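*Asks:* Each chain, letter by letter, is given below.
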Amino acid sequence: MDRIGNKPLSELLRVLPACLRDAVLYAGTDELEEIRVRTGRPVQLLYAQKERMLALTADERFCALLLESLCEHSAFAREAELREGFLTLRGGCRVGISGRAEMRDGRIAHMAQVTSFSLRIAREHKGCARGALPMLLNANGSPVPTLLLSPPGAGKTTLLRDAARLLSDGGTGWRGYKVALADERGELAGASGGTPLLDVGLRTDVMDGCPKAEAMERMLRSMSPEIIVTDELGSAADAEAVCRAAAGGVCVLASAHAGSIADAARKPYLAPLLNNGSFHQVLVLERNGRDVKLRTYACGEAAI
Amino acid sequence: MSALLAAVLFCACVFLGNGKARSLRVRRQTLTAMEDDIRRLAERMELRPAPIAVLIMQFAPRTEAFWEIFGEKLGGEAPITELWKEAMEEAEKAHNGFETLSPEETAVLVDFGLGLDGIGLAAQSANAQNACKRLNQRVAALEAELSKKGKLFESLGVLAGLSLALLVI
Chain G
1 MDRIGNKPLS ELLRVLPACL RDAVLYAGTD ELEEIRVRTG RPVQLLYAQK ERMLALTADE
61 RFCALLLESL CEHSAFAREA ELREGFLTLR GGCRVGISGR AEMRDGRIAH MAQVTSFSLR
121 IAREHKGCAR GALPMLLNAN GSPVPTLLLS PPGAGKTTLL RDAARLLSDG GTGWRGYKVA
181 LADERGELAG ASGGTPLLDV GLRTDVMDGC PKAEAMERML RSMSPEIIVT DELGSAADAE
241 AVCRAAAGGV CVLASAHAGS IADAARKPYL APLLNNGSFH QVLVLERNGR DVKLRTYACG
301 EAAI
Chain V
1 MSALLAAVLF CACVFLGNGK ARSLRVRRQT LTAMEDDIRR LAERMELRPA PIAVLIMQFA
61 PRTEAFWEIF GEKLGGEAPI TELWKEAMEE AEKAHNGFET LSPEETAVLV DFGLGLDGIG
121 LAAQSANAQN ACKRLNQRVA ALEAELSKKG KLFESLGVLA GLSLALLVI
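First to last, the sequence lines map onto chains G and V. Start counting the first sequence at 1; every next residue gets the next number (the numbering used here). Start counting the second sequence at 1; every next residue gets the next number (the numbering used here).
Be aware that one or more of the hints could be misleading.
Said to hold, decoys possible - Taking lysine to any residue pairs in the SDA-like style, the calculated list, with each CA pair at most 20 angstroms apart, reads: (1) V:K85 x G:L65; (2) V:K73 x G:R14; (3) V:K149 x V:L16.
Simulated from the structure, these hints should not be mistaken for lab results. These numbers come from a predicted model, not from an experiment.
Assemble the whole structure, with the sequences as input and the hints as a guide.
*Replies:* Here's what the structure looks like:
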């Protein structure tokens, strides 16, 4: 496993059952983006440009063992995450789960049986946001409040992480900024025990494992950030926290799931953010295999 | 020569009698220590949602040898219920007090291990509470047995030793 340079991937492989780990290593890990495990079906590997079905079929026992391994034999410690339908591993890989949920008082009490796993491999592509820097910084080298949009799996988190790193480290033409990372699911910094395992910059403070709206409020009050970075705005509370941070003079760099600016405008919590000055621009990330395009929209205007 | 043989027989009988009583005491100690450790583990689980392997390193368990074996096993791949069972079997072979337990007492501990794969803190707390309650009942029964039989075994050992020694002399 030492041969694998990708930290998140090696952390993921470390906790996989040996049979799955060996099968994945045998199939190859170059450009591997996702591992899908479903009860009664072969394990599927999704690469940037292709997919592969393994000769390994998951059964109920295997799924139970996989869940145990991912939770390090301590599912009780990941109860809240499991209830939300995901787990974030050391290193930032996110595991989505589905199966049979057990309801109590109208809400999910816990997952009684997990039958499908989506193991998404976090990528640390240092420098991938360099091309986006002219859009993220204005002529004076000050950061521009930006909302990054794309469908799931296009690389928003990877881009956001590298943008946070670049803005935090500083470079020719811009100084390093104090960045606060509201990392609810731990994917941006891949923190373990509060310490980021991925490079998020010299001047970056991370708050993970806490709802992002609350994390933004707290960091705004206590860490005097110049830039707040957060991933996947998904509720009115998140949008409100962004508004408050923007109104407080902090530049917000955030992402959300949407295929286009029109899709974003249809989301009731995102629409106000596009017009109230919280964001000055929207970047739409489009990806086709290795081909990545970034379209810029000034808020309320057509594509640039 | 016969005096030496009498002394040897006396010592052997006393040793056997004391050994039987000591075995009861070790059994009680093992059960009370496990009850205490399980309770403390459950408290740790509530205090900090960390993996069991981390939690058991954070408290000094009374049955240290067992938890050390179990902690090492947690790096393995089998379900936690099986790892717990394996750890118990190994502890038994290593003569860490587990070899003195009766099948019913071992069953209480095995049952606790079976509940370790439960999702949720509430399930873990209930599992630990149930195990502690059952262990407590076993300890109470064992204490009653010890107060009755402990002295009896020791006295029988001395008496048998004396009788044999007198016979030989």
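*Asks:* A separate judgement is required for each hint: does it hold in the structure or not?
*Replies:* Against the structure, the hints:
In summary, the hint linking K85 of chain V to L65 of chain G is supported, as the alpha carbons are separated by about 16 angstroms, within the 20 angstroms threshold. With a C-alpha separation of about 16 angstroms, the suggested pairing of K73 of chain V with R14 of chain G holds against the 20 angstroms cut-off. The straight-line distance between the Cα atoms of K149 of chain V and L16 of chain V is roughly 14 angstroms, inside the 20 angstroms bound, and the hint therefore holds.
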